[in-house]
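Trainee: On the provided structure of chain A, position chain B as indicated by the hints.
Chains as they are written, first to last, in this note's numbering: chain A, 1 to 475; chain B, 476 to 829.
It is worth saying that the hints were derived from the structure and are not from the lab. Don't take each hint at face value.
Using C-beta positions, here's what the derived DEER-type ranges look like [stated by the list, open to error]:
hint : chain 1 : residue 1 : chain 2 : residue 2 : range
1    : A       : 320       : B       : 530       : 23 to 33 angstroms
2    : B       : 507       : A       : 346       : 21 to 31 angstroms
3    : A       : 448       : B       : 679       : 52 to 62 angstroms
4    : A       : 93        : B       : 634       : 50 to 60 angstroms
5    : A       : 93        : B       : 607       : 28 to 38 angstroms
6    : A       : 353       : B       : 686       : 18 to 28 angstroms
Far from chain B, by Cβ distances over 12 angstroms, these chain A residues were calculated [to be verified]:
hint : residue
7    : 27
8    : 69
9    : 113
10   : 309
11   : 315
12   : 330
13   : 333
14   : 343
15   : 437
Some but not every residue of chain A turned toward chain B, in silico, with C-beta under 7 angstroms [said to hold, decoys possible]:
hint : residue
16   : 10
17   : 317
18   : 335
In this text, a Cβ means the ideal position worked out from N, Cα and C, and glycines have one as well.
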Amino acid sequence: MPPPILELSGIRKRFGSAEALNGVDFSLARGEVHALLGENGAGKSTLMHIAYGMLTPDAGSIRVGGSGVRFRSPRQAIALGIGMVHQHFTTVGPMTVEENLWLAAGRRAPWTAGRVAGLERLYEGISPTARVEELSVAVKQRLEIVKALAADARVLLLDEPTAVLAPPEVDDLLTVLRIFAEQGGAVALITHKLREVFAAADRVTVLRQGAVTLRGLRQDLTEEGLARAMIGADPLERVVGDEPPRRGRSGSADEPGILVRGPGFAIRGGEVVGLAAVEGNGQRAWLRVIAGVEPGSGVKVTGPVAFIPEDRTTEGLIPAFSLTENVALGLRDDPRWARGPWLYWPAVSSRTAELIAGFDIRASGPDAPASSLSGGNQQKLVFARALELRPRVLVAENPTRGLDVHATAEVHRRLRETAREGSAVVLYSADLDEVLTLADRVFVMYRGVVQEARAGASRDEIGRMMLGLFGDSTG
Amino acid sequence: MSRSILFSRTLQSPVFAAAVAAALGLAVLAIGLAAAGYDPASALGALWRGAFGSWYAFTSATLVRATPLIVLGIGFALAMQAGALNIGAEGQFYAGAIAATWVALHVGGVPGVVAIPAVLAAGAVAGALWILGPVVLRLRFGVLEVISTLLLNFVAEALVSLMVQGPLQEAKHIYPQSDPIPTSARLPLMPGTRLHVGLLLAVGLGAAAWVVLRRTRWGFALRAAGAGPRAAQVIGRIRVPRTLATGLLISGSLAGLGGAIEITGVTYALFQNLSPGYGFQAIAVALLARLNPLGVVAAGLLFGALEAGAGGMQREAGVPAVAVDVVQAVVIVVTLLSVAASSARAAAAAPEAT
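Looking at chain A on its own, in the form it has when it is part of the complex (with noise of 0.2 angstroms):
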């Protein structure tokens, strides 16, 4: 193996009382993609910070190209060529392609400076002079590549780069990242789906609470080995629940049960129907209609319906406000406590404690700030909350975003739990394995269109429904 390109030995780095790192040593060597594995809070992001310089480490050294280096901020990483690809875009949408690749450089120079042979694919399809805010998602994620490259990167962090693409489109970013290695460069790239790793590593390293569990080469590694080693302990009860999914059961739309009914499907009570769809397929808008959020037109819907919205801190709760205010914001006319003008809080306050207690919320009490829970838990204040509408029609979006693998097994059980006591759960994901490990049936939305898959319909087959590419499915 050639010497190490970027090399990290014994980081340490603490957060207030929380140990984030713990002596943790990882190296990058040219022409490698290196993954990195872990659930969420392991320590993964902090590490890749560390590495371009945006936090420093309480211990530990750094080497780059075998000199040690102290980084003070990014700008000394970038000068020494390493590049980072964060979890959010980091482009300015107002300005053009040309204009964000210009402040990523640092200076005015043609807008494909940095291009390495083989990625001219990295270019296709973008115009220099384009408003970054109009391109799609994954044009914008190609994009964060291009601007590393701008700087010179030779070396590429990438923090869940794949968490906004469609399956096809991960393929894609995979074959990019491989071919950046073979052209000399390294990568490093933070994940948390076993089958990238074995479709594009050379070698993994797994962090665990802030240490390393495993590494090795990827060919030593299996997938069970890998899940121990994030998860600590044997796999989760595969997060399927009891019942495998029913998938296939075809809806007609004059069956009794029925209830939602829109243009071209039905949803009935029981069943759990996950949608499928890349980033801006109009999902948003659809789900947020079904659940009465936004105004549309064709949409039948009967009972009440409760909404899981994907941001759980600006759409889902108010931070600054206490679980008993957030339990009231989404039950404000409960008769329990909403007597003509009045708003009784005693009474939400006592509820929201029972709450608290039923769904295992680690709170200080129903007066903490709802800023104060982690994210796991702040999911469960919002699905209690949802719950306690008695909900015939359950609507999630992206119901597990940035939860661990514990809190994600639950959100789950509550999900199969709601559609088995027959109310009728939607579930969108941008994981298209969680729609497939959930749903009954599987809708795709292309381009604001919703179509069913058809009954025992491959990952593959849906992936490409997901694209447009409809009707040359081969199974």
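Mentor: Same frame as chain A, now just chain B:
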């Protein structure tokens, strides 16, 4: 352990923070006075006597000055709780004052029980009308109310000039002010003082606003719309724009009411520079009170005392009255810092998003 928790709770409590802010403000003033060659002890003594030195000073200076600050401060707090920044209380105050004067000058023969409510209502309506433009601009075109309400302040001041040199000028057309309003339209005074019943109204409004915000469904919707507009709309099914508009209209009407109270309780006539900047001081009052209407009453009394004391300091110690602006400035800065610090603490306590 429990003692240290108690201590840190105390440190974080808004009341404690406000007290620290006020004390720091006075300390900075004392240092400034010493640096400028005044005797801080005697100047601050004069400040104290001007505000609290006698029953007359307390009622006729402190409480009279506090009244408009409380009314306007409640208005600012309500709008901000709803998520809007009404920087135009000054203008709405003048609009209310103009309307109140006009109505008062036309109710000569009417008994006070009818005349006074009519005059006050006219002020409130005028204040609401003055903010209606910014509300429509905000909802229709997304024009920020911070800018539109601020700019309308200048328009209102110009309108007062126009009125006192035109339609509302006193009968002899010599001075730029209105005729005095008839006795029947004047607010009752506490005997032996210049304190009018407007103070009771202000305190009552503070209590009412607190009850509405904290105990009613509508008040909760208003706070939710301000604290988390998207969650309010998506989860609370609250019509956020409408709630925002209502908050701003109430805010404007309170400022207008403040103008009417000033005319009917203090000056009995309209003239230019009627307000020494109540609309802006009220913002500081509301911020110091952390937008809590009951806190606004207390903070209004503090600022009223400072203003009254400033007069005493000028008369007795020869210190320019504007010196107390230092205290107010320090109070605002310290309050904003402590708000920023507590939200930073909340952010630090929140789980790290990975």
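Trainee: None of the hints should be skipped; say for each whether it holds.
Mentor: Hint check results:
With their beta carbons about 43 angstroms apart, residue 320 of chain A and residue 530 of chain B fall outside the hinted range of 23 to 33 angstroms. Checking the proposed 21 to 31 angstroms range against residue 507 of chain B and residue 346 of chain A shows it is violated: the Cβ atoms sit about 49 angstroms from each other. Roughly 55 angstroms separates the CB atoms of residue 448 of chain A and residue 679 of chain B, a value that falls within the hinted 52 to 62 angstroms. Residue 93 of chain A and residue 634 of chain B have their C-beta atoms about 42 angstroms apart, which leaves the hinted 50 to 60 angstroms range violated.
In this structure the hint that residue 93 of chain A and residue 607 of chain B lie 28 to 38 angstroms apart at CB holds, the actual value being about 34 angstroms. The beta-carbon spacing between residue 353 of chain A and residue 686 of chain B, approximately 25 angstroms, falls within the hinted interval of 18 to 28 angstroms. Listed as a non-interface residue, residue 27 of chain A keeps its Cβ farther than 12 angstroms from every Cβ of chain B; the least gap is roughly 22 angstroms. With a closest Cβ-Cβ approach of about 25 angstroms to chain B, residue 69 of chain A is found to remain outside the 12 angstroms limit, as its non-interface label requires.
Separation of residue 113 of chain A from chain B is adequate, the least Cβ-Cβ distance of about 32 angstroms exceeding the 12 angstroms criterion. Distance to chain B contradicts residue 309 of chain A as a non-interface residue, since its nearest Cβ pair spans about 5 angstroms, not more than 12 angstroms. Once the 12 angstroms rule is applied to beta carbons, residue 315 of chain A is inconsistent with being away from chain B; the minimum gap is 5 angstroms. The claim that residue 330 of chain A lies off the interface is violated: its Cβ sits roughly 5 angstroms from the closest Cβ of chain B, which falls inside the 12 angstroms cut-off.
Non-interface call for residue 333 of chain A relative to chain B: violated, since the shortest CB-CB distance, roughly 8 angstroms, does not exceed 12 angstroms. Residue 343 of chain A, annotated as away from the interface, has a beta carbon of chain B within 12 angstroms; the closest lies near 5 angstroms. The beta carbon of residue 437 of chain A sits about 23 angstroms from the closest Cβ of chain B, which is more than 12 angstroms, so the claim that it is off the interface holds. Contact between residue 10 of chain A and chain B, as hinted, is not supported at the beta carbon level, the nearest pair being about 22 angstroms apart and thus beyond 7 angstroms.
Evaluation of the residue 317 of chain A hint against chain B yields a held restraint, the C-beta minimum of about 6 angstroms falling below 7 angstroms. Interface hint status for residue 335 of chain A: violated, as the beta-carbon distance to the closest one in chain B is roughly 12 angstroms, over 7 angstroms.
The structure shown violates the earlier hints numbered 1, 2, 4, 10, 11, 12, 13, 14, 16 and 18.
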